[in-house]
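Counting along the sequence shown from 1, when you hit position 22 you're at 22 in this note's numbering, and nothing is skipped either side.
Think of the hints as simulated: they come from the structure by calculation, not from any bench.
Errors might be hidden in some of the hints.
Claimed, not checked - Derived pair list, reagent style EDC-like, types lysine to aspartate or glutamate, alpha-carbon separation capped at 20 angstroms: (1) LYS266 / ASP203; (2) LYS331 / GLU132; (3) LYS331 / GLU210; (4) LYS96 / GLU118; (5) LYS99 / GLU118; (6) LYS331 / ASP72; (7) LYS266 / ASP71; (8) LYS202 / ASP272; (9) LYS266 / GLU132; (10) LYS331 / ASP203; (11) LYS266 / ASP199; (12) LYS266 / ASP72; (13) LYS331 / ASP71.
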Amino acid sequence: MIVSSEGSLVCFESIQEFPCLKHSYGRKAYCMKRVKECLPARISTTCGSSKPHLYLTIEPGVRAGPPMSVDDNHRGLALAICSSLFIGSSFIIKKKGLKRAGASGVRAGVGGYSYLYEPLWWTGMITMIVGEIANFTAYAFAPAILVTPLGALSIIVSAILAHVILKEKLHLFGIVGCVLCIVGSTTIVLHAPGERIIDSVKDVWSLATEPAFLLYTLSVVAVVLLLIFHFVPRCGHTHVMVYVGICSLMGSLSVMSVKALGIALKLTFQGDNQLVYPQTSVFAMVVATCVLTQMNYLNKALDTFNTAVVSPIYYVMFTSLTILASAIMFKDWDHQNATQIVTEMCGFVTILSGTFLLHATKDMSESSSGLSIYGGLQPSMTHRLSIGTANLKRPEDEMDTDEIPLRRQESF
1 MIVSSEGSLV CFESIQEFPC LKHSYGRKAY CMKRVKECLP ARISTTCGSS KPHLYLTIEP
61 GVRAGPPMSV DDNHRGLALA ICSSLFIGSS FIIKKKGLKR AGASGVRAGV GGYSYLYEPL
121 WWTGMITMIV GEIANFTAYA FAPAILVTPL GALSIIVSAI LAHVILKEKL HLFGIVGCVL
181 CIVGSTTIVL HAPGERIIDS VKDVWSLATE PAFLLYTLSV VAVVLLLIFH FVPRCGHTHV
241 MVYVGICSLM GSLSVMSVKA LGIALKLTFQ GDNQLVYPQT SVFAMVVATC VLTQMNYLNK
301 ALDTFNTAVV SPIYYVMFTS LTILASAIMF KDWDHQNATQ IVTEMCGFVT ILSGTFLLHA
361 TKDMSESSSG LSIYGGLQPS MTHRLSIGTA NLKRPEDEMD TDEIPLRRQE SF
């Protein structure tokens, strides 16, 4: 074991073995990986004896917890940022493609499909798919507490590109909102917990079947069933929280399953096949069930209520519940002190303030096309798909200013 000091942190590095399948000689092979864990500590030395002594005092309120991978956190952070860049730019590219296709053929808003022959539209679609893949992969490397809130960065990307490409004016409140998103994201990045080292999908299954997360899962299922069978028939068309609540609750479970599935695929690509375990199939089925449920009730919400109402509520509920589910299942905060946790929450609130400021002041945008970049704060692919189909139902010039989806996230 190697002990090093990084400011007020003491880091312990060790080498761990895990079974892998890099060799196919009929016997199990082992791979090596480096594990690094850093803890807040005070370092002091004593002299006066023949040999000086070094004392390490671990700060109170911090538990050692499981091994954390700093390198994986960096990979997940890079993937999350790349995902925001790709997804934030994809809608601007697709919008340009739709306008170009509408100028030379039947517009999508009146039932035309000329955009399918427009290379620029396909470029935007491919860009969005690449962003979704990066988002999916980010969950395999970094905790959801880090990945999920960073989706707000796609708003900044879209704001800048819309200002440059679509010639939409970025007013003062829009700039302040972007700055708040950057400050909040930076705060979360600097204080986010490390990713837990997981050697098998069975480890994820063990975390998912612990009493605390089982209680959370059963509570989510019970509340969702209550909303579907009791509240939807009675007040689903009058209270936005009914549909949005179903989507957000199911979204938190879908992100946990996506993360488990991503970890299984990551380990498989590293040579340790996880597809042979039934737990991998269970997580895949949970992802499919949750995403289909989200799409169904999100379509109902968007068809019943204004997107300007649905988007911010969905963003707050989805992100908050995802962070809560991750903290319960993966125990992201167990090895952090109260100051770090409060700082992360302050960063999250700062991001919320920035996104709400962008959304609340979107009508102040002076755009000749009547389209605003400050609209949808869509936290999931299901939201983008739902709004995408809605946009094809009417001409572009009649689209509301809040219906260009800019926000990615968290469920695949």
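When you check the alpha-carbon spacing of LYS202 and ASP272, does it fall within 20 angstroms? Measuring from Cα to Cα gives roughly 12 angstroms; hence the hint holds.
LYS331 paired with GLU210 [C-alpha distance capped at 20 angstroms]: 11 angstroms, holds
Pairwise hint evaluation, ASP203 against LYS266, where the allowed Cα distance is 20 angstroms at most
14 angstroms, holds
Worksheet item: Has the given pair, LYS266 with ASP199, been kept, meaning a C-alpha gap of at most 20 angstroms?
Response: 10 angstroms, holds
Worksheet item: LYS99 and GLU118: Cα distance at most 20 angstroms?
Response: Holds: LYS99 and GLU118 sit about 10 angstroms apart, inside 20 angstroms.
**Asked** Taking only the CA atoms, is the gap from LYS266 to GLU132 under or equal to 20 angstroms?
**Response** 16 angstroms, holds
>> With the threshold set at 20 angstroms, check whether the alpha-carbon distance from LYS266 to ASP71 stays at or below it.
In response: 14 angstroms, holds
Next on the checklist: LYS331 and ASP71 were given as a pair; does the straight-line alpha-carbon distance stay at or below 20 angstroms?
Outcome noted: Roughly 19 angstroms between the alpha carbons, so the hint for LYS331 and ASP71 holds.
**Message:** Can you confirm whether the C-alpha distance between LYS331 and ASP72 stays at or below 20 angstroms?
**Reply:** Holds. LYS331 to ASP72 sits at ~17 angstroms (cutoff 20 angstroms).
Mind checking the alpha carbons of LYS266 and ASP72 for me, to see if they're no more than 20 angstroms apart? With Cα atoms ~11 angstroms apart, LYS266 and ASP72 stay inside 20 angstroms; holds.
Worksheet item: Within 20 angstroms, alpha carbon to alpha carbon, are LYS96 and GLU118?
Response: 10 angstroms, holds
**Asked** Quick one, are LYS331 and ASP203 close enough, alpha carbons at most 20 angstroms?
**Response** Judged against 20 angstroms, a Cα distance of about 13 angstroms means the pair holds.
Consistency note: the structure conflicts with earlier hint 2 alone.
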